[in-house]
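Sequences are here, hints too, so could you generate the full structure?
One line per chain: the protein sequences are A, B and C, in this order. Mapping the first sequence onto numbering that gives the first Met the number 0, position 84 (from 1) lands on 83, and the numbers just tick up by one. Mapping the second sequence onto numbering that gives the first Met the number 0, position 90 (from 1) lands on 89, and the numbers just tick up by one. Mapping the third sequence onto numbering that gives the first Met the number 0, position 423 (from 1) lands on 422, and the numbers just tick up by one.
Calculated directly from the structure, the hints in this document are not laboratory data. Fair warning: there could be bad hints in the mix.
As the list claims (entries may be wrong) - Within a straight-line C-alpha distance of at most 30 Å, the following computed BS3-like cross-link-like pairs (lysine-lysine) qualify:
hint, chain 1, residue 1, chain 2, residue 2
1, C, K190, C, K168
2, C, K77, A, K142
3, C, K77, C, K63
4, A, K231, C, K71
5, A, K231, C, K350
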Amino acid sequence: MATVPVKKFSVINPRKSRVLTVVMALYLIYTLVPLAWLVINASKTQAALFSTSGLSFGGAFALFDNIGQTFTYNDGIFFRWLGNTVLYVVVGAGGATILATAAGYGMAKYRFPGRRAVFAVVLGAVAVPPTALAVPTFLMFSKLGLTNTPLAVIIPSLISPFGLYLIWVYAADAIPDELLEAARIDGAGEIRIFLTVTLRQLVPGIITVTLFTMVQTWNNYFLPLIMLSEPKWYPLTVGLNQWSAQANGAGAQPIFNLVLTGSLLTIIPLVVAFLFMQRFWQSGLSAGSVKG
Amino acid sequence: MTSTAAPPVPAPARPAPRARRSRGKWRGWLFVAPFMLVFALTFIAPVVYAFVLSLYRDQAFFGGTVFVGADNYAQVFADPKFWESFQRVLVFLAVQVPIMLLLALVAALAIDSARLHGAGFFRIVIFLPYAVPAVVAALMWGFMYGDHFGLAADLNHLFGTAIAPLSPSWLLTSIGNIVTWEFVGYNMLIFYSALKVIPKELFEAAAIDGAGTFRTILSVKLPAIRGAIVVATIFSIIGSFQLFNEPNIMRNLVPNTIGTFYTPNMYAYNLSFNGQQYNYSATVAIVMGVITAVIAYVVQLRGSRKEI
Amino acid sequence: MSRIRNRVKVAAALALAAALAVGCSSGAGSSSAPAAATGNQDSVDAALKAGGEITYWSWTPSAKDQVAAFQKEYPNVKVNYVNAGTNKEEYTKLQNAIKAGSGAPDVAQIEYYALPQFALTDSLADLNQFGFGSFEKDYSASTWAQVKNGNGIYGLPQDSGPMALFYNKEVFDKNGIAVPKTWDEYIAAAKKLHAADPTKYITSDTGDPGFVLSMIWQAGGHPFTVDGRNVKVNLADAGTKKWTAMWDQLIQGKQLAPVKEWSDDWFRALGDGTISSLVTGAWMPGNFISSVTAGSGKWAVAPMPTYDGKPVTAENGGSAQSVVKQSKNPALAAAFVRWLNHAGGVQPFIKSGGFPSTTADLTSSAFVDEAVPYFGGQKINQVLTQASKDVAPGWTYLPYQTYANSIFSDTAGKAYLNATPLDAGLAAWQQAIVDYGNQQGFTVSAG
Chain A
0 MATVPVKKFS VINPRKSRVL TVVMALYLIY TLVPLAWLVI NASKTQAALF
50 STSGLSFGGA FALFDNIGQT FTYNDGIFFR WLGNTVLYVV VGAGGATILA
100 TAAGYGMAKY RFPGRRAVFA VVLGAVAVPP TALAVPTFLM FSKLGLTNTP
150 LAVIIPSLIS PFGLYLIWVY AADAIPDELL EAARIDGAGE IRIFLTVTLR
200 QLVPGIITVT LFTMVQTWNN YFLPLIMLSE PKWYPLTVGL NQWSAQANGA
250 GAQPIFNLVL TGSLLTIIPL VVAFLFMQRF WQSGLSAGSV KG
Chain B
0 MTSTAAPPVP APARPAPRAR RSRGKWRGWL FVAPFMLVFA LTFIAPVVYA
50 FVLSLYRDQA FFGGTVFVGA DNYAQVFADP KFWESFQRVL VFLAVQVPIM
100 LLLALVAALA IDSARLHGAG FFRIVIFLPY AVPAVVAALM WGFMYGDHFG
150 LAADLNHLFG TAIAPLSPSW LLTSIGNIVT WEFVGYNMLI FYSALKVIPK
200 ELFEAAAIDG AGTFRTILSV KLPAIRGAIV VATIFSIIGS FQLFNEPNIM
250 RNLVPNTIGT FYTPNMYAYN LSFNGQQYNY SATVAIVMGV ITAVIAYVVQ
300 LRGSRKEI
Chain C
0 MSRIRNRVKV AAALALAAAL AVGCSSGAGS SSAPAAATGN QDSVDAALKA
50 GGEITYWSWT PSAKDQVAAF QKEYPNVKVN YVNAGTNKEE YTKLQNAIKA
100 GSGAPDVAQI EYYALPQFAL TDSLADLNQF GFGSFEKDYS ASTWAQVKNG
150 NGIYGLPQDS GPMALFYNKE VFDKNGIAVP KTWDEYIAAA KKLHAADPTK
200 YITSDTGDPG FVLSMIWQAG GHPFTVDGRN VKVNLADAGT KKWTAMWDQL
250 IQGKQLAPVK EWSDDWFRAL GDGTISSLVT GAWMPGNFIS SVTAGSGKWA
300 VAPMPTYDGK PVTAENGGSA QSVVKQSKNP ALAAAFVRWL NHAGGVQPFI
350 KSGGFPSTTA DLTSSAFVDE AVPYFGGQKI NQVLTQASKD VAPGWTYLPY
400 QTYANSIFSD TAGKAYLNAT PLDAGLAAWQ QAIVDYGNQQ GFTVSAG
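Below you can see the structure in the form of structure tokens.
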């Protein structure tokens, strides 16, 4: 906010409104109550969970105990899931961002045969429900020997049609054609132009796409659920659901406290990453608005 | 480029002046090809395969694949289970999507208005739920919805109400609440980033014309972010039609209310993985995909037509 | 476009390959079947000596300890233990792997109700080829009957679940309720309890197909008759109606705690007396001890109520370990199964709170006469082992029971939801079962 230049017109820098702040604060409460609930209940023992009210602390404060248990339960499988998730995010979301950036730029700044077809196919694909793809993808991957390997999760997450779209929109606006022309006149090749001229201009867009693909990969559930059979390759989401499901039937081992603590721990890295990236993202946005 | 062929872009791409040069005719593929290659493997191939599957019928236990042509499609169109689930997501869409987008829009406008104390804090916190995996959100709200020991029970205790979020009449609302909670922040961010790039001169001009806050919103801000609104609407429609994670996880709590065909996506999933009716499942998924694509396309057309 | 056409070809080739793979394995299976009937354990012993590596899918709490103990005894065998999910989640994965033609484990834990489905699709090895048919005498009749399908033996029983009445003695005593011996008494107790204390319920049941079938089983019903591909379904036979007439009184009288089984609410309700009794399998004590700590000292066990006072029970739950046909080393897999459920694996299983199927353990006084502190020192296994002997004979599951159970909530579940008569709900379930079976190549008739 500090970067928003102070202008003399009140429309741009008006007086702060208390009423608006209070109304928005109500919405804030709605947003935060479930998270508060999660924090409170992640700090209870299994026994206290079964015997105390949801929105108040009860029994011993067991958050750190629960965290310890979460990380050590079943030989520390949670830690492994965390590592898997990070792997899927770095390779999957990272790859998705690279592919989407290149393709989005290509769509925005080049006219080439098949361009409209690419657009139509990509947009159409967004509408296809994942279940339509799940079974055939599973069968294909199993023939290729990819099921129950990290690749089965990573390859499909390399594609982010939304990321492509975002970069496309952003590049169309943020990269003046004159800039590219000037570089071409200087004799630079297309790839060199992309690497040296374009990328820098696209940084805010790229960060935004990274944020979204990261969240998407971190939260990915359906595909790994189908593709993976061994817990050692699970991401956190599938692992947590298995923990939740093991409260069922003969030999049930309910660990609701660990499910809750695990849920909390699953959210935290993303929140931190978001807060961290927020700063870059915001400066990028401001830059964009100044330019506009 | 005509406006109908362009994506719902706020600012349609200007054609590159040198594009007609034959030297550079194909060079755009340099950047698009890697994406399309992976795309072909993970989207196009499975879609084609699903289509192939939809033309056959296979017996789960005794094999014997038979080519049945369009029979599976005929069956889907006459399948009351499919239409029941379709109707449900349609209702869901008609109610939940407008509420969610309206909340997101108001939040974005409020944060963008510079009238808010601590606007940055609001933006971060409202976006936070998007960082919560759908699995975790569904598990968490599922716990809270419990009307015996959950948060709902506590509230009922406290206020003497009789909220029963998991009862059949409330359930769709309860799921809508989870989805709204998760995605208001996401849509808010789309709107907010579109608001951010509106040229300041427009506001200044509006102010000089004597437009008040609401006039400015209606005649400057909203038209300027129409593209973003269309995009958010399309993505929300697609999301509603594909509703799966939340009801599927909550099914563990209320299996009698959330049956195996509560949403079209759940129906396709259960056909495959409980009934091993892979062919029919693929057909249901394709029909759903086509319907979704058509509706998304219509929304886009309407969105861009108004833009002229 | 040519890329797309190639994809079609690849896809078609893949489909063909899958079909061939399935065809091959079933061909091999049927040709070895005649020899299998007369097999002996030599190949199993040899495989054990030769060593090797196998993968084992199970969710039973004792699996890890059992695998460790096995590897200690046979250091040249490596067992990769995988918890691939609890019951139906595991079956989905197993089914996927079988459909894909690879990725299945060598040994899998499968519940009795799901066993016929995997046996029928020729996904499991017939253990007769390893001479395991001779183990029949070592298992309780009710569990052995469930691993047998036609003449084939498709697993060795691990746990069993003869049913009994678990009740909260404290709540019963406080409200002056005697332990019901007949179902009429049980209904009366339900009404009395809920009237005396509206926060308390006799039990919970939100519609669990496994429980429903066990109750029909106890009532003398035989809803499913299977003869190869010919299946008869009658969810309105005399036994079934006996049960629905009784249970309807609880559903329609709103005498059941509206708490979903196995949810956190449910565990709470068992601990605080909201749910004051459970009619369930003998594997339940382990769950009480580990997960309902608040109920310690309050719960007790009694024989399952009956319709006429004469003792009769049914099996509820329970599972076997099977050798999956995809296994590259079926003899070694069989050796592991034999050790698990017919040798060293049984004791760790019992120690973890499991209820065995082996007659030697079901009759050993160390097991039968053990006083269990959780149940106030009651020798609960006396009741439970007796229940194992009283299981009504002649029960059959559907050859596609997992699917049938998955759609129970769509059909019969509505009776629970709307407190309407169970018979109508079961009729809807029956219709769906008949339709599906006929679509999948069975000849299914109703009635």
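Hints and how they fare:
Restraint check for C:K190 and C:K168: satisfied, since their Cα atoms lie roughly 17 Å apart, inside the 30 Å limit. With a CA separation close to 26 Å, the supplied pair C:K77 and A:K142 stays within the 30 Å bound. For the hint linking C:K77 to C:K63, the alpha-carbon distance of about 13 Å falls within 30 Å, and the restraint holds. A hinted pair counts as satisfied when its Cα atoms are at most 30 Å apart, and A:K231 with C:K71 qualifies at roughly 23 Å.
At roughly 27 Å between alpha-carbon atoms, A:K231 and C:K350 fall within 30 Å of each other, so this suggested pair holds.
Hint compliance for this structure: no hint is broken.
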